[in-house]
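A.B. asks: Each chain, written out:
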Amino acid sequence: MEVDDPLSARLAAPLEAVVVSVEREPLQAKSLLALIGLALGLGLYGVGAFLALRGWQRSRRAARMQADFTAAVSHEMKTPIASVRAMAEMLDDGDPERTKRYAGRIEAEMQRLGTTVRNVLDASRIERGGLPVVPAPLEPAALLERTLESLRPELERRGFALEAELVPSGRPIPADAEALDGVVRNLVDNAAKFSVETKRIRIEALPVPDGYRIAVLDRGVGLERGKHERLFERYYRGDAAREGAVPGVGLGLHIARQVIDAHGGTLRARSREGGGAAFEIHLPAGNA
Amino acid sequence: MTERLLLVEDDESLGAVLVDALEREGYRPCWVREGRAALESALRDPYDLVVLDLMLPGMDGYEICRRLRAAGRDVPILMLTARAREEDRVMGLDLGADDYVVKPFSL
Numbered sequence: 001m002e003v004d005d006p007l008s009a010r011l012a013a014p015l016e017a018v019v020v021s022v023e024r025e026p027l028q029a030k031s032l033l034a035l036i037g038l039a040l041g042l043g044l045y046g047v048g049a050f051l052a053l054r055g056w057q058r059s060r061r062a063a064r065m066q067a068d069f070t071a072a073v074s075h076e077m078k079t080p081i082a083s084v085r086a087m088a089e090m091l092d093d094g095d096p097e098r099t100k101r102y103a104g105r106i107e108a109e110m111q112r113l114g115t116t117v118r119n120v121l122d123a124s125r126i127e128r129g130g131l132p133v134v135p136a137p138l139e140p141a142a143l144l145e146r147t148l149e150s151l152r153p154e155l156e157r158r159g160f161a162l163e164a165e166l167v168p169s170g171r172p173i174p175a176d177a178e179a180l181d182g183v184v185r186n187l188v189d190n191a192a193k194f195s196v197e198t199k200r201i202r203i204e205a206l207p208v209p210d211g212y213r214i215a216v217l218d219r220g221v222g223l224e225r226g227k228h229e230r231l232f233e234r235y236y237r238g239d240a241a242r243e244g245a246v247p248g249v250g251l252g253l254h255i256a257r258q259v260i261d262a263h264g265g266t267l268r269a270r271s272r273e274g275g276g277a278a279f280e281i282h283l284p285a286g287n288a
Numbered sequence: 001m002t003e004r005l006l007l008v009e010d011d012e013s014l015g016a017v018l019v020d021a022l023e024r025e026g027y028r029p030c031w032v033r034e035g036r037a038a039l040e041s042a043l044r045d046p047y048d049l050v051v052l053d054l055m056l057p058g059m060d061g062y063e064i065c066r067r068l069r070a071a072g073r074d075v076p077i078l079m080l081t082a083r084a085r086e087e088d089r090v091m092g093l094d095l096g097a098d099d100y101v102v103k104p105f106s107l
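Sequence order for the protein chains is A and B. Note that the first sequence covers residues 1 to 288 in my numbering. Note that the second sequence covers residues 1 to 107 in my numbering.
Be aware that one or more of the hints could be misleading.
To be verified - Using C-beta positions, here's what the derived DEER-type ranges look like:
no., chain 1, residue 1, chain 2, residue 2, range
1, B, D98, A, A88, 19 to 29 Å
2, B, P57, A, G129, 29 to 39 Å
3, B, P46, A, D261, 50 to 60 Å
Hints were generated in silico from the structure; no laboratory data involved. Bear in mind the structure is a predicted one, so any value in this text is a computation, not a measurement. Just so you know, even glycine gets a beta-carbon here, dropped at the ideal spot from N, CA and C.
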């Protein structure tokens, strides 16, 4: 070992002594134990450091998501208000063609604003201890029929084909009609937002042995690999949403998941063969 | 002479009503909904004014503004945004925007 400066020399001397003694003497039980202890200590230290780092990364991620959320809510609320306000100002000349055109747009913008406000309020209720979900026996196919028919005109105006295959349950399924309606709206809205080229949304609903299954299928941009569960996190918005400046605040799927959980059911996302995403709800039959 | 104006706005309703309002005021607006297409158009065609939304698909308003100025274009740029925070405003002006309108605004 070549040693030039005194500090290195001081450090090197005991090290060399240890190396020499380890080489000379066979490992004894005592030193083996010490080594194991050292390894364990280092291991624990490593785990601690890893957890601390992960905690720090998570809190940073949470802070960034919160900031993105505030910006998104601001954008989602102010844009429809700006549109409606501008349209109101333009209506002063009484042009009948324009009045008719604006009437439809104002309604659509108010619906959009209403959805944002409802989602923000629902998410805040969830945070404070729970969305009031009161399941009562109902025929899910009939509920879906009503929800989809109310969504159809706006979707068709935007160039979407909305297909529905609704098989009645035959037996009542316990569900909160208003909350389930909100979930389906959020899922269809989500499908529409991420369908750019192929604007086809399909709803398949049918009874299964232990309950009822509802699937919302699209041929949109699809899901990011390995991030299917993150979609349901509060404020989470995928790369496609942020880079594509897709409207939304990152609450719809989070709320949908909470509502279905409160029913004792499941909501999952999966990629579809041939492209696009599928969101599948399973509602348990219960004892009704 | 009618002024040629580039409107960059991805929101369908807001874009439509702004086009109506600008036409009524005697401008000739060209409406582009996506960031990259907007930059291409602004670099290719002569405009008297660019009205630029900040949150856009493809490329955001800040980047379009920065690239236009970097390419030596001195066309006046009016930024349009839902964000009212002072630092956003300063960032836009630092990048070479001429003025800033916060949504919701009056026509």
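A.B. asks: Next, verify each hint and record whether it holds.
C.D. replies: Here is how each hint holds up against the structure:
| no. | hint | result |
| --- | --- | --- |
| 1 | B/D98 to A/A88: 19 to 29 Å | holds, 28 Å |
| 2 | B/P57 to A/G129: 29 to 39 Å | holds, 37 Å |
| 3 | B/P46 to A/D261: 50 to 60 Å | holds, 57 Å |
Hint compliance for this structure: no hint is broken.
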